[in-house]
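Asks: Working from the sequences, and respecting the hints, build out all of it.
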Amino acid sequence: MAQTHTYDALVIGAGGAGLMAATYLQDHPDVKTAVLSKLYPTRSHTGAAQGGIGAALGNMGEDNPDWHSFDTVKGSDYLGDQDAIEIMCGDAPEVVYELEHMGLPFSRTEDGRIAQRRFGGHTKNYGEEPVRRSCYAADRTGHMILQTLYQQSIRKGVEFHDEFHVLDLIVEDGSCRGVVALELETGELHQFRSKATLLATGGHGQVWSTTSNAVTLTGDGLTLAARNGIPLQDLEFYQFHPTGIYDMGILITEGVRGEGGILRNNEGERFMEQYAPNLKDLASRDVVSRAIYKEIRAGRGIDGKHHVHLDATHLGQDVIENKLPEIADFCRTYLGLDPVTTPMPVEPTAHYGMGGIPTDVDGRVEVDEQGNTMRGLYAAGECACVSVHGANRLGTNALLELVVFGRRAGNAMAEYCAEAELEPAGEAPMEQAREAVETLRTRDSGERPADIRREMQELMMENVSVFRTQELLQEAKEKLVDLRERAKSIAIDDRRKTFNTDLTEAWETVGMVELAQVITECALNRTESRGAHSREDYPDRNDDEWLKHTLAFRDDGEVELRYRPVTITKFEPKERTY
Amino acid sequence: MDVTFTIRRYQPEVRDDPYYEDFEFEAEPTDRVLDCLNHIKWQIDGTLAMRRSCQTGICGSDAMRINGQNRLACKTLLQDVGSEVTIEPLMGYAVIKDLVVDMDPFFDQFRRVKPFMMNEGSDPERERVQSQEERERFDDTTKCILCAACTTSCPVFWSDEDYVGPAAIVQAHRFIFDSRDDGTAERLRILDDAEGVWKCRTVFNCTKACPRDIEVTKAIAEVKQAAMWGRV
Ligand SMILES: Cc1cc2nc3c(=O)[nH]c(=O)nc-3n(C[C@H](O)[C@H](O)[C@H](O)COP(=O)(O)OP(=O)(O)OC[C@H]3O[C@@H](n4cnc5c(N)ncnc54)[C@H](O)[C@@H]3O)c2cc1C
Ligand code: SF4
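These protein sequence lines map, in sequence, to chains A and B. For the first sequence, the numbering used here gives the first residue as 1, with consecutive numbering after it. For the second sequence, the numbering used here gives the first residue as 1001, with consecutive numbering after it.
None of these hints come from the bench; they were simulated from the model. Since the model is a prediction, treat every value here as computed from it, not as a measurement. A couple of the hints might just be wrong.
Mimicking BS3-like on lysine-lysine, the simulated pairs with C-alpha atoms at most 25 Å apart in a straight line are [stated by the list, open to error]: (1) K323(A) to K280(A); (2) K280(A) to K294(A); (3) K548(A) to K477(A); (4) K497(A) to K124(A); (5) K477(A) to K488(A); (6) K1114(B) to K32(A); (7) K1218(B) to K323(A); (8) K1114(B) to K1224(B); (9) K1114(B) to K156(A).
Far from chain B by the CB rule (all over 10 Å, computed), these chain A residues [unchecked claim]: (10) G103; (11) V319; (12) R434.
C-beta: ideal position from N, C-alpha, C; glycine also.
Replies: Here you go:
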């Protein structure tokens, strides 16, 4: 039986961004709010974040928000919107204090203040030397943020619909009026109507085969938006984190290098000295990932394999056990090695989407290059593109973004809900979802979704990762057309309704193939190198032609690309060296 | 190596009773048990239902019984459990399908201890000061990922589902021993109850089960102490 629920505000996703928005919405008793999440809130991948959240508190050396802004702009390779960056870095100290007041158990300095560590690209005095800006709780910062925000949601009585997988948005006449969701336990479809809906669905690392992202990070919010005519911004910019555990992709936090860890090639050489003489191992991630690839290509990988070493053996037992306990545990569990005595084998791993659903600084979703917004639709967190990360994100700025822009979106939604009327919603999206689900659930034969997923992931890893060329991208584009066709006729084993994850995984897979097409198209068209988008056939940044954001509109198989200007306030684009 | 996974299945729409099913395939000794379950789901039988997300032991989704012991499938390597592996859902909560159990009662137990910071004073402009020693005092219990491995390994909980259970006590401990929290009296009132800490019989199953190496039994003992004296 179809069930209909009516709220004022809906939050899709219960990671850091969704929970932050929800706790703010909950402060408004007249705004009836619910959170929908395909996972139990505490299973969200925000919990996996390790290294820290950036804020110029200056607890361990002089710092100020303006330096933080500069580093973020430079890190973004000048593609970040500077008005949004100023807001984020300016609000950072206040939101970190707010998290502390909520009970977040930060690690402490000797005088009992929030402890801070160095992180890539974060510097003092506009690039002079590394600064301690990352506020951390050992290497469990994301876990503590997720737990703390969930605790606050309980305290405030936020209503949750856990294990509800959102399948579509209800968009009519240019406004968003709710969502259609599948209840996992029963397999029933539900219609949720709302005045305001927030997409906070997280990342899309599962598009690639080697990734630090959870198996559930499948970019659903992006697909939901794109299928409803909403553009996706800057999808060619995807961050490969330099230090994933070799062959597994599991993240080894940059905090290891922040604490003094060093990257070495097969000759034991600290190769980052050549690529970034000033910041060395703490250069920005795109720079370090490319350096690792280059070392490996030059035959200086360890034992001829596709990895280098991350050496923390000189840090001592104390630092490793107290400041990096999770990393030590990963190494011992999965590699059977102890980082106190043995270097860790690492290679770049697909990590973070700088691009996403375009929004203004209050989370309102923008639908064209003029910045017109869609009534009732908001986005925040990794699935959104404000854009504070531009072409490359600095470590610690994602957690910061969740909190700053989750809060702003929650406030903006509450304001909107107080004035707006609930608009009528037709049955069409519900019927379409029902038909699509039934078709998938009952199709007799076809390829396995897992095979399509794997093939796409490997293709993207080979052709659309750290280094790109016209040829590789063109090949990916053609193969994706074929994958997309095949994805239309996949078949699943599970014909039942109860907790049918065969079905939801297949659904995610189809969405990811569509997303991969958009990513590839964006990457193919941008004939320059900027931040994480590195074209070997166009090795230079080209501000004259390309200092602009991509907007990709997907209409069935076709992708239309348009562009919009970058907001520059204080920092004029300069050459970027570390 | 050749492995056999014997999985306790429950497919409510297919048959009423649970049953065991064998799956044979090849795997590497360094594969995680979760990799094997994924292999089964993706290549052999898509109807297999389980929860999992991060695959690195931090989200707490994939606690299950592996050869009779509660563990996270993503933190257990094949080489540590052998080539014949029996997989069953956690005990004590209703099974929804295969390895998926109804976690709602678990989260209700968690909510009972008021798992959030209670602070009476007004917030300072900057952070509250907390010494490293004060922070260390409750460090162990902040690691909890709410996976339920401890609670569902506890014989007291098996025989009395109203018992608040080790996980909820761990969560209470995290606040009771946090110097910034003012809710101790209230939490102790909740736990100093027939279904509270005194139910614990110090069996240590919880400590053994905890994938985060939290000293669960010790935390419970500390909460008992606090309940006895009415303060920390
Ligand atoms: C291993 C790792 C370490 C990191 N470390 C750091 C760090 O130290 N510092 C830093 O700043 N950043 C870090 N990051 C990045 C940062 O953690 C993430 O970008 C951020 O946590 C994303 O949060 P989110 O709220 O947007 O999404 P998530 O926390 O991923 O939450 C997504 C939510 O959406 C829900 N959802 C998704 N699809 C659907 C659907 N179809 N229907 C219903 N619900 C849905 C999920 O259930 C989930 O609740 C790290 C990332 C990784 C992977
Ligand atoms: S205490 Fe350990 S076993 Fe129990 S829920 Fe927390 S993490 Fe899981």
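Asks: Run every hint past the structure and note whether it holds.
Replies: Hint check results:
1. K323(A) to K280(A): It holds: about 21 Å lies between the C-alpha atoms, which stays within 25 Å.
2. K280(A) to K294(A): At roughly 15 Å apart (the allowed maximum being 25 Å), K294(A) and K280(A) satisfy the hint.
3. K548(A) to K477(A): Given that 25 Å is the threshold and the Cα spacing comes to 23 Å, the pair holds.
4. K497(A) to K124(A): violated (56 Å)
5. K477(A) to K488(A): Answer holds: K477(A) to K488(A) is near 17 Å, not above 25 Å.
6. K1114(B) to K32(A): holds (23 Å)
7. K1218(B) to K323(A): Distance ~23 Å between K1218(B) and K323(A) Cα, so the pair holds.
8. K1114(B) to K1224(B): holds (17 Å)
9. K1114(B) to K156(A): With Cα atoms ~11 Å apart, K1114(B) and K156(A) stay inside 25 Å; holds.
10. G103: violated (3 Å)
11. V319: It holds; V319(A) is separated from chain B by about 14 Å at its closest Cβ, greater than 10 Å.
12. R434: Consistent with the label, R434(A) stays out of reach of chain B, its closest Cβ about 18 Å off (over 10 Å).
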